[in-house]
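Q: So the sequences go chain by chain: A and B. Our numbering numbers the first residue of the first sequence as 10 and each following residue consecutively. Our numbering numbers the first residue of the second sequence as 10 and each following residue consecutively.
Check the hints yourself; a few may be wrong.
Where chains are identical, the list cannot tell them apart; a pair therefore holds if satisfied intra-copy or between any two copies.
[Stated by the list, open to error] Cut-off 30 Å, straight-line C-alpha distance, at most; resulting in silico cross-link-like pairs (DSS-like, lysine-lysine):
(1) Lys179 to Lys260
(2) Lys163 to Lys86
(3) Lys326 to Lys201
(4) Lys60 to Lys86
Since the hints were derived computationally from the structure, they do not count as laboratory data.
Protein chains: 2
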Amino acid sequence: MKCQLTVHYRNSVKFIEAKSGDNLLGLLREHNIDLTTPCGGGGRCGKCKVKLLKQGGCSEQEMTSLEREVLSPAEKKSGIRLACRTVVSGDLTIVLEDKTKIAVLTSGLQFEPRLNHGIKRVTVMLDQATRAVQSDLLQQICDRIEGDDLRPEKVGLAGLKQLEQLDPGKPILVTTYRDQEILSFEQGGAEKGLYGLAIDLGTTTIALFLIDLSSGEEIDVYTLLNPQQRFGVDLISRINYSRTESKGVAKLTRVLLAALNVGIDVLLTRHSLKRGQLLLAAIAGNTVMLHTLLAVSAQSIAIAPFTPVFTAALEFKAPEIGLKIATAGMVKLLPAVSGYFGADLMADLLAIDFPVDQWNLLLDIGTNGEIILGKGERLLACSAAAGPAFEGGNISWGMAAVPGAISSYCFNQGQVHYTTIAGAKARGICGSGLVDLIAELLKAGLLDNTGAFRNKDKLPATAGGLITDYKGRPAFLVAPAPETASGEDIILTQQDIREFQLARGAIMAGIKILLKEAGIDFSALAHLYLAGGFGNYIEPANAVAIGLVPALLAEKVVKVGNGAGTGAKLYLLDQDLKDYSDELRKKVTYIELSSRKDFQTEFINSMNFCTSG
Amino acid sequence: MKCQLTVHYRNSVKFIEAKSGDNLLGLLREHNIDLTTPCGGGGRCGKCKVKLLKQGGCSEQEMTSLEREVLSPAEKKSGIRLACRTVVSGDLTIVLEDKTKIAVLTSGLQFEPRLNHGIKRVTVMLDQATRAVQSDLLQQICDRIEGDDLRPEKVGLAGLKQLEQLDPGKPILVTTYRDQEILSFEQGGAEKGLYGLAIDLGTTTIALFLIDLSSGEEIDVYTLLNPQQRFGVDLISRINYSRTESKGVAKLTRVLLAALNVGIDVLLTRHSLKRGQLLLAAIAGNTVMLHTLLAVSAQSIAIAPFTPVFTAALEFKAPEIGLKIATAGMVKLLPAVSGYFGADLMADLLAIDFPVDQWNLLLDIGTNGEIILGKGERLLACSAAAGPAFEGGNISWGMAAVPGAISSYCFNQGQVHYTTIAGAKARGICGSGLVDLIAELLKAGLLDNTGAFRNKDKLPATAGGLITDYKGRPAFLVAPAPETASGEDIILTQQDIREFQLARGAIMAGIKILLKEAGIDFSALAHLYLAGGFGNYIEPANAVAIGLVPALLAEKVVKVGNGAGTGAKLYLLDQDLKDYSDELRKKVTYIELSSRKDFQTEFINSMNFCTSG
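Chain A with its partners taken away, still in its complex shape (with noise of 0.2 Å):
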């Protein structure tokens, strides 16, 4: 049996077909809605907790042991019930309640954009005298809008088609873009505010920021996993996916395009504007993100000689791309440098915006870490293959940065104080948790330069029992089983520090190469930028510990936040910004590390922890 789903998610409300046997959970994720499931749905964890509405019967007998054990007396009462012990039996309407969100970096450098997006509105009024004059609509406005180089040519059929309905007695709101093309046609009245989309497609996350292009304020940010993960959490897997699968390319796009179109959905109902004001958005995000965004196959840049399909600053209607802004609204690409230097790390550069008589090093660590030393006309740039422990992957009890993952830890003469994101429970450790762990374990002389636990004879006292072991190797005992989500202990291991030292090393590796590249040393650099939601959240006293930051520039830290969300936003503002990112783009070298015959010596070298600086 068919039936509807009514999702409301703040303002926003959110209809789903359904079939009754669904799992509600299922159905959910399905739709891009992305609950907190630690157990993965397993109905283990009790997170998923969403309140239903004109339902039939929601009593105590219908629900399952689980449900009846971990919600309050007064959440049973108010209609709470688990999303994935919940079946689908006919009509549902279900809230979610508001903290059902995901941590993504969404702040950014200050800023002080120039409103300079080329979006304008005019209202023009054609009398009778000037509409009897020998001349057509088209032309008869373009006229009456001052200062501007508008060609009637530069209309498209969607504004002919407006223009067409409207009364030409009446006043007509015109949107231009750029002093030179024509948007759309409206028949007047009251002007509405306009706003705008910067949107951040990262990998892992995506976040679009509503902002008004009237102030350039942000008004709100909209963040959620990217729903590619399903085909693969890394890129290489998704092209492969796309390479392998029949239309594997349009469902990555499809499924990007339906989640962004959620986003949008809800920022415009949380805000009660209409689609018609939301007429611009900027898109920054590596090369693979934006090719399948367009539905172009990334699958070059995954072959040598790594080639994109397109780098260049593009522009779309936004109907031509899918993307659900106003029917009229414009689409602009961030323009990348190759296939591994993206459109996210360009954004990155524009919103640091390098002073150019100093050098500069920009780290932005994700599964790569991009790294970028620049001065003046130079800017050199490489990507280090770190791989995904950083974020958390690769990594035993390691995962991402969402609630219940252990972002922050000290071990103090054998204390052990730790914090979650969101304050959950622990489930695992993610980047920021990871380096602060193998900060302490060095500090604490648990672990020798090399990188291995001790002998168990060389421990100091306090490690007391936190040295344990793992598959017959020594391991360190995060967070012991009574503390945890599952109720199981959480372990670093030692092939844990070992993937580490590979990621730290790789970069570190770049970095050398990049300096010597430039003929300079660690003493040259005026500051070190670490953009990225691990640059950001990272304590710089333990990014120098593990020797990720040289001691000498612990001082010259600044951290970013997300660059790329940044980026975005001026790139969004100030139309300047694709002229000066072309600028940007010619100035940069890339170095292609695995082509460099010295980057094994210096990734080798760069393996211990005694090497840094």
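Position chain B against the provided structure of chain A, taking the given hints into account.
A: For chain B alone, coordinates are given in the frame of chain A:
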């Protein structure tokens, strides 16, 4: 029962879905295949012959009595039948005769086109070394196309998706437009010829000229009756239809595009071309036709202040407007000046290219008489609402210039000679026949200067029995019953002559107003250009006789032929004509005759046959 109708026409094959019981003629009409049907499909004229192939039985018994009568034994044996009498009873294959076509003027002035259409094809070979350089495919290709200012930003989404499919290790064929835009990428190899279409979109008839873009040569032409005629023969009726019928505008557009696309299919098939080779189209037509082509309502042209939505030289990617040339193809519309000075007149001007140091007059007679008087920087234009008399409309036995129409008429000493289009049995009188008739009647003294038939007692003896009576008033017997297709007399009535006088008077008044505005008289004119089908078929001597052309201009008449078609061809082949026609537009002063107080006076003064010159 559903069945398939397969239609062979010249080298083209068309498949039509049918069901048993369908009338074959009706089915063909529905699919824009117009057979010659003087009797309108009533089973009387025997003209709609088709050859049936691959159908079980075509025995004598199945024939109607008409078929048995009009078809020769050889025809019967070879499967020739009448479409109007044929009922579909299963899958059916038919062959249409080559001569199944309508007479539309497709020839124009001789011209030497400048080959500057802007479409270029370049084969680019990216070697591995080039590809490995830090860049993207799109940029590398742009860099390899010499002498062009191609920016990757100008490639559309379709181009990107093509590029992604190609093997960059093999030659890539790049098609560019105006040295600025990339239209398409294909895997290289042998380059095929490129073709363009010049389209003359008339109210009554449409012509598609297939042009070889490498030589400018006209390869072929496909002509058809404007299928919008089913919604009204004149533009105002069609605008009314579009206003009162739900989705009326869309319907007008749909039938028009369907017919144009059939024409394209026929041309491609006849010359074994691929659609991808047809990369450019230029379209001329009056302002209403160009509005309906784009599915933009032309309503505003029909009501005061008669302002069209657009007149500019617009350009679209072919799929945007639904014209089925190459997917990457571009369609350019010639610019108009106003609702009543359309792109068809602009095309006339381009075709004629008025000498700038002399006064010249252009007369394009269709439903309206379009008149342009020009010298140097001045172009004075007006449109005289002549009505359809010159096209055979509003005339009792009037008809379009299709087979069976009396197109020339000679009356000498009581001897009558006339010719019909395609030599068919006379069915009526078309415009040029009407002019000849009236000229002869005037010369023979059968009409007085006011256009009235002389009293019987004043008639010359040669009139013999040709003066007859129609509804109580005198009339002229043009073709007696035994000679005609219908077996009934074809008659020219007093009312018909009045209609003709009104039409001629309106045009003459228009010409005089323009001359007055310019401050010149007929003697100042260097040339009198006659454009359009009517202008081409008319005998100059008779045009003088009826006072449409002053006697002193008889030697200065230049027949332009299909000026709109010629102008469209020139516009197709030379991109610089866009700017040139924009210049022409600025020079035009359009004179609205209805707003001139002196128009009525001139109109009345022009009614009599003695007032010309």
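Q: Does each hint hold? Answer for all of them.
A: Right, here's what the structure says about each hint:
1. Lys179 to Lys260: between (45 Å within a copy, 28 Å between copies)
2. Lys163 to Lys86: Neither way: Lys163 and Lys86 sit 61 Å apart in one copy and 60 Å across, limit 30 Å.
3. Lys326 to Lys201: Close inside one copy (21 Å), not across copies (32 Å); limit 30 Å.
4. Lys60 to Lys86: Intra 10 Å, inter 81 Å, cutoff 30 Å: intra-copy only.
When held up to the earlier numbered hints, the structure conflicts with hint 2 and nothing else.
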